[in-house]
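There are 2 protein chains.
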Amino acid sequence: MSTGLDSGATVTNKQVILRDHVSGFPKESDFDFTTTTVQLRVPEGSNSVLVKNLYLSCDPYMRSRMGKPDPSSASPAQSFAPGKPIIGFGVSRVIESAHPDYNKGDLLWGFVGWEEYSVITPIPNVHFKIQDTDVPLSYYTGILGMPGMTAYAGFYEICSPKKGETVYVSAASGAVGQLVGQFAKMMGCYVVGSAGSKEKVDLLKNKFGFDDAFNYKEEQDLTAALKRCFPKGIDIYFENVGGKMLDAVLLNMNPHGRIAVCGMISQYNLKDHEGVHNLSSIIYKRIRIQGFAVFDFYEKYSKFLEFVIPCIKEGKIAYVEDVAEGLEKGPEALVGLFHGKNVGKQVVVVAHE
Amino acid sequence: MSTGLDSGATVTNKQVILRDHVSGFPKESDFDFTTTTVQLRVPEGSNSVLVKNLYLSCDPYMRSRMGKPDPSSASPAQSFAPGKPIIGFGVSRVIESAHPDYNKGDLLWGFVGWEEYSVITPIPNVHFKIQDTDVPLSYYTGILGMPGMTAYAGFYEICSPKKGETVYVSAASGAVGQLVGQFAKMMGCYVVGSAGSKEKVDLLKNKFGFDDAFNYKEEQDLTAALKRCFPKGIDIYFENVGGKMLDAVLLNMNPHGRIAVCGMISQYNLKDHEGVHNLSSIIYKRIRIQGFAVFDFYEKYSKFLEFVIPCIKEGKIAYVEDVAEGLEKGPEALVGLFHGKNVGKQVVVVAHE
Numbered sequence: 612m613s614t615g616l617d618s619g620a621t622v623t624n625k626q627v628i629l630r631d632h633v634s635g636f637p638k639e640s641d642f643d644f645t646t647t648t649v650q651l652r653v654p655e656g657s658n659s660v661l662v663k664n665l666y667l668s669c670d671p672y673m674r675s676r677m678g679k680p681d682p683s684s685a686s687p688a689q690s691f692a693p694g695k696p697i698i699g700f701g702v703s704r705v706i707e708s709a710h711p712d713y714n715k716g717d718l719l720w721g722f723v724g725w726e727e728y729s730v731i732t733p734i735p736n737v738h739f740k741i742q743d744t745d746v747p748l749s750y751y752t753g754i755l756g757m758p759g760m761t762a763y764a765g766f767y768e769i770c771s772p773k774k775g776e777t778v779y780v781s782a783a784s785g786a787v788g789q790l791v792g793q794f795a796k797m798m799g800c801y802v803v804g805s806a807g808s809k810e811k812v813d814l815l816k817n818k819f820g821f822d823d824a825f826n827y828k829e830e831q832d833l834t835a836a837l838k839r840c841f842p843k844g845i846d847i848y849f850e851n852v853g854g855k856m857l858d859a860v861l862l863n864m865n866p867h868g869r870i871a872v873c874g875m876i877s878q879y880n881l882k883d884h885e886g887v888h889n890l891s892s893i894i895y896k897r898i899r900i901q902g903f904a905v906f907d908f909y910e911k912y913s914k915f916l917e918f919v920i921p922c923i924k925e926g927k928i929a930y931v932e933d934v935a936e937g938l939e940k941g942p943e944a945l946v947g948l949f950h951g952k953n954v955g956k957q958v959v960v961v962a963h964e
Numbered sequence: 612m613s614t615g616l617d618s619g620a621t622v623t624n625k626q627v628i629l630r631d632h633v634s635g636f637p638k639e640s641d642f643d644f645t646t647t648t649v650q651l652r653v654p655e656g657s658n659s660v661l662v663k664n665l666y667l668s669c670d671p672y673m674r675s676r677m678g679k680p681d682p683s684s685a686s687p688a689q690s691f692a693p694g695k696p697i698i699g700f701g702v703s704r705v706i707e708s709a710h711p712d713y714n715k716g717d718l719l720w721g722f723v724g725w726e727e728y729s730v731i732t733p734i735p736n737v738h739f740k741i742q743d744t745d746v747p748l749s750y751y752t753g754i755l756g757m758p759g760m761t762a763y764a765g766f767y768e769i770c771s772p773k774k775g776e777t778v779y780v781s782a783a784s785g786a787v788g789q790l791v792g793q794f795a796k797m798m799g800c801y802v803v804g805s806a807g808s809k810e811k812v813d814l815l816k817n818k819f820g821f822d823d824a825f826n827y828k829e830e831q832d833l834t835a836a837l838k839r840c841f842p843k844g845i846d847i848y849f850e851n852v853g854g855k856m857l858d859a860v861l862l863n864m865n866p867h868g869r870i871a872v873c874g875m876i877s878q879y880n881l882k883d884h885e886g887v888h889n890l891s892s893i894i895y896k897r898i899r900i901q902g903f904a905v906f907d908f909y910e911k912y913s914k915f916l917e918f919v920i921p922c923i924k925e926g927k928i929a930y931v932e933d934v935a936e937g938l939e940k941g942p943e944a945l946v947g948l949f950h951g952k953n954v955g956k957q958v959v960v961v962a963h964e
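Chains as they are written, first to last, in the working numbering: chain A, 612 to 964; chain B, 612 to 964.
For identical chains, the list gives no copy identity; a pair is met inside one copy or between any two copies.
No more than 30 Å apart at the CA atoms, straight line, and that leaves these computed lysine-lysine pairs for DSS-like:
hint : residue 1 : residue 2
1    : Lys855    : Lys882
2    : Lys855    : Lys838
3    : Lys924    : Lys816
4    : Lys828    : Lys882
5    : Lys809    : Lys855
6    : Lys679    : Lys838
7    : Lys796    : Lys911
8    : Lys855    : Lys679
9    : Lys774    : Lys911
10   : Lys843    : Lys679
11   : Lys855    : Lys818
12   : Lys679    : Lys695
13   : Lys911    : Lys773
14   : Lys882    : Lys843
Calculated from the structure, these hints are not laboratory results. Here the structure is a predicted model, which means the values were calculated and not measured.
Make the full structure from the sequences, and use the hints.
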């Protein structure tokens, strides 16, 4: 297809730049805008592609890339470089390609810069060609991309779920949580989620079909809240939050319970992480706590799409996005994620084409 | 065989009694001695056995039975009743039996009272008939009993060990730790242990064949100590300690590392357990933390004995006991466990027959 862009032309390229490494909660002022120019051409002799970025994804893990480089960290992601565009998942259209697997006009999702145009060298399991365009393209930042695959692998591969079990999901209205809850319902589990506002709790109960939900900010005692929601205990906890929530969960877990650790967003902006005090529950309850990372599971991505795309098309799975219009809204959207301002998956639209 | 005791005779029965529920570190004064009498006869119409107790076992889990009953605890073991003999693992000779599986003169190990004679109703997987008496009988409180089976199940079933991996064992000279380290060496792992005295560290290196060992009490910085012992990181941690040690381990774990949680003895006597701060390491390192309890694995007990008894007889496995002579030394031995006073498996001899 035509991209409507002249090969070789020079166009302006707005970018979101990290000013300096972040400590504590990220602020909008940690980011700058700059406008450079880019020639619509891939470097000669490369196997790169030049892409026009359409949608950018705001994800909690990005906080780990904003801090100073930490050699002791096991995170595979390097810190963002101050003065350079930050990097994240995006959905992009190929404008020019020197890569044998990509043609002009193709769509892909994967790591790109927070800018209008990026030159990238596609890497398997980092960049994925989009085949099915009969769904909103922005979904490839969420339900059909990294967060969707995270929910799929985390729930089916890590939680060892069985019909009839009780499942608790924290940060349940987020990109991953909303899907985990729906996967669990499809399996015949009893599912409770927590979130940080009445609007989100309503969404969980009325849109995503959770059996119950609560606003953690309105609970004096998280242990008691979980006891109320799970009088017979929790079999599976899908962990997105960490800290005090994990402590409360540990006291409510059932014997042989499983905790899939997807994230701990409550801790990412703290200099010193909160202490978790109830770990001795692990022993007699024989609890399994398992951290996981989505990139270990991408070989199942096409199987996942075969499963989830029909569910979307048939209305079996609901999906809610929180869309920020324009790259200039990017920093606000990204920063808002760490204050729970987003309702559903936070996306930034760079261009509607 | 003759037990040398007249059936029906009445004999004195010295007992170790819990005065009241314990908070904080147990003290010798939490225990009392009393002497009652017992008729050497099983209750009519019962399927009980009357046993003469020979060896009693001091185990860290016993602390969980000394506190007030806690309905929120998932521990399968009930609190000890004040005014009654405490209960623990022991090795005993059957004096009288109304149970079809036990005859007068048989030996068994399992739960008995801390007293000279107990009437018990043998329960499968709680009481085990001793078949091989060609080893010291006291070993059935340790390497051939619950702690041995704990080490076996914990290492082979929970740690998923592979040849060449690095293994760290805390409380490594204890009943369980000394065996885990030796099992790991037999598998071709690099094994480091920690303990709380020079004597114990020497034992780890010179008697049990650990590749390295350190005295945790002499380390200013546990994270640095582990970094020194494991420059390439820890693949497997066998957790007996909890608290600060777990925090230091988490920073030194390798990706896809496994932590088998056997116990957390550093926490048992604290009213408020220490907070563990480095749990976010679980995520990117994809660490699995797995609690386990030996009673889930007793179906493998006979297989375990087939493996371990030849190892003992052929000298392939070393085993060290710390023996207290006489029931009257029981409270001191039990209390000492929580101060690390025992060197090796702590046993109390009630009678040599």
